[in-house]
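All chains should be modelled from the sequences, with the hints used to inform the complete structure.
The residues making up each chain are set out below.
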Amino acid sequence: MPSFFRNKRLIVLLVSIILLVALIGFSLRERDNISLPEQFIKDIVGFGQNIASKPASFVQGGFDSVQDLLNTYNENKKLKTRLEELALLQTQVTDLTRDNEALREQTNVEGDIRDYSTTNATVIARNPEQWQDTIIIDKGQVNGIEADMAVQTAGGMIGRVKDTGQFTSTVELLSARNSVNRVSALFQAEEENIYGLVEGYDTERGELMVKKIPFDVPIEVGSKVITSGLGGVFPKGLLIGEVTEVSSDEYGLTQTAYVDPAANLYDIEHVMVLERTAVGADEIEAEAEEDEE
Amino acid sequence: MIRFVLPLIGIVVFYSESIFATFSPLEVAGDTRLLVPHFLVVFLLFLSFYYNRNTSYIYAFVFGLMYDVFFTGVLGIYMFLFPLLIYISALIFRLIYQNIVINGLVTLIMIALVEWIVYQFYLLIGIADMNVQTFLNHRLYSTLLFNAAFILIAAYPFKQWMSAVRFRQLED
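If you read the protein sequences in the order shown, they are chains E and B.
So the number in the numbering used here is just where the residue sits in the first sequence, counting from 1, plus 85.
So the number in the numbering used here is just where the residue sits in the second sequence, counting from 1, plus 9.
If you're looking for bench data, these hints aren't it; they were derived computationally from the structure.
Hints should not be assumed to be uniformly reliable.
If you want a taste of the chain E side facing chain B, the calculated C-beta under 8 Å gives, among others [stated by the list, open to error]:
id: 1; residue: Arg211
id: 2; residue: Pro213
id: 3; residue: Gln217
id: 4; residue: Tyr351
Reference listing, derived: stretches of chain E covered by chain B, where coverage requires no fewer than 3 residues with Cβ under 8 Å from a Cβ of chain B [unchecked claim]:
id: 5; segment: 108-115
id: 6; segment: 129-138
id: 7; segment: 241-255
Built from N, CA and C at the ideal position, the CB exists for glycine as well.
Printed below as a string of structure tokens:
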């Protein structure tokens with residue numbers, strides 16, 4: 086009997102290792118969305134998570150509102166000073182928008198990579214193991230969410246939709262380390278636009294790294310970084326953050342800018358999922374293929 | 010009814026992890042410290058200590074699968090790691106005598122082990138890029154402290170509930 090048990094243990098071990106390697110290989114390959122069985126499990130677990138997160142967010146909301154009350158006086162003072170500037174800014178913006186629309190009509194330009202439609206969602210969970218920065222939101226395919234949509238909070242862009250289930254989706258934050266997670270960024274400089282790619286996150290500084298910036302363009306510290314919309318996936322003009330330091334890379338061929346993210350990447354409660362309405366590269370390709378047929 | 014008690018506790022523990030994860034990271038003395046809740050490991054190991062080891066393998070497998078699919082997206086790591094932890098702890102208890110304090114300590118060692126294995130694994134497949142020093146200072150020590158607090162609070166209730174369920178089922 087003992088030898089039989091020992092044998093069984095060995096077989097279980099071997100089968101587990103083979104399964105483990107196969108499963109990891111399966112889940113790490115490039116794929117548009119997760120498989121059906123995964124979606125099924127995700128939906129069941131997500132249903133429970135939806136219920137579990139309600140009382141938790143209620144309690145947290147209570148704490149937050151007490152804190153808000155304590156801060157009200159200071160905030161009020163600050164806001165009053167900003168209010169007058171705001172009225173002026175508003176008239177300017179309205180004027181510019183009308184001007185822009187009129188010009189667009191005259192020149193027959195259709196479709197703008199800045200346009201998007203939004204879906205509001207609530208964060209129901211954060212990945213507890215914290216190796217990968219992902220959060221889970223309570224909207225899924227039923228609500229029209231698809232993989233690779235941009236996600237932002239009121240502060241600015243926070244990430245993209247990694248995969249979707251029927252009722253929940255996983256959002257990968259900008260701070261996640263992923264070679265596929267690259268956002269085309271644009272520096273708002275005085276004279277011309279400068280482009281770079283958001284590639285990676287410096288954990289110790291808590292800042293994003295924007296790389297592949299041409300070495301000969303000066304970037305001012307404090308300039309704003311927005312999405313460029315050139316990747317064909319995200320809309321243009323989502324605020325990513327503010328430049329805090331610029332340094333040249335190890336070979337001196339390109340520059341790297343450290344960008345302080347505009348949105349808080351840790352304390353996230355409500356998010357907006359943005360669907361770009363302008364056609365991207367994928368749609369254009371698909372249309373071209375159809376035309377050929 | 011009694012047979013639903015343990016799955017229910019397991020599910021509550023499973024969901025509580027993601028809720029407690031919102032406390033992390035914590036700023037202590039100017040440094041960010043990650044607190045990683047591993048309440049599920051505590052639950053599963055205590056299940057194997059005080060309820061039934063073979064049943065706890067099944068629990069470990071199922072909860073590990075849920076964890077992988079819902080949170081990490083990398084299938085298989087926790088699904089096989091949780092049963093492995095139960096197996097290793099069983100090997101340890103062949104050598105030493107079991108009581109609630111020792112059980113808590115072994116659970117803590119197992120949490121350190123699971124952190125280390127997952128860290129090495131993610132280094133291998135390129136998800137993590139922390140160096141060992143940062144891992145220890147910013148992640149492991151604070152995580153162990155956090156989970157030690159949870160073990161202190163939960164060990165006695167877990168023991169009582171699991172033994173009670175086992176006792177009731179033996180009576181039937």
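Hints versus structure:
no. : hint    : in the structure
1   : Arg211  : holds, 5 Å
2   : Pro213  : holds, 4 Å
3   : Gln217  : holds, 6 Å
4   : Tyr351  : holds, 7 Å
5   : 108-115 : holds (count 5)
6   : 129-138 : holds (count 6)
7   : 241-255 : holds (count 3)
Checked against the numbered hints listed earlier, the structure breaks none of them; every hint is satisfied.
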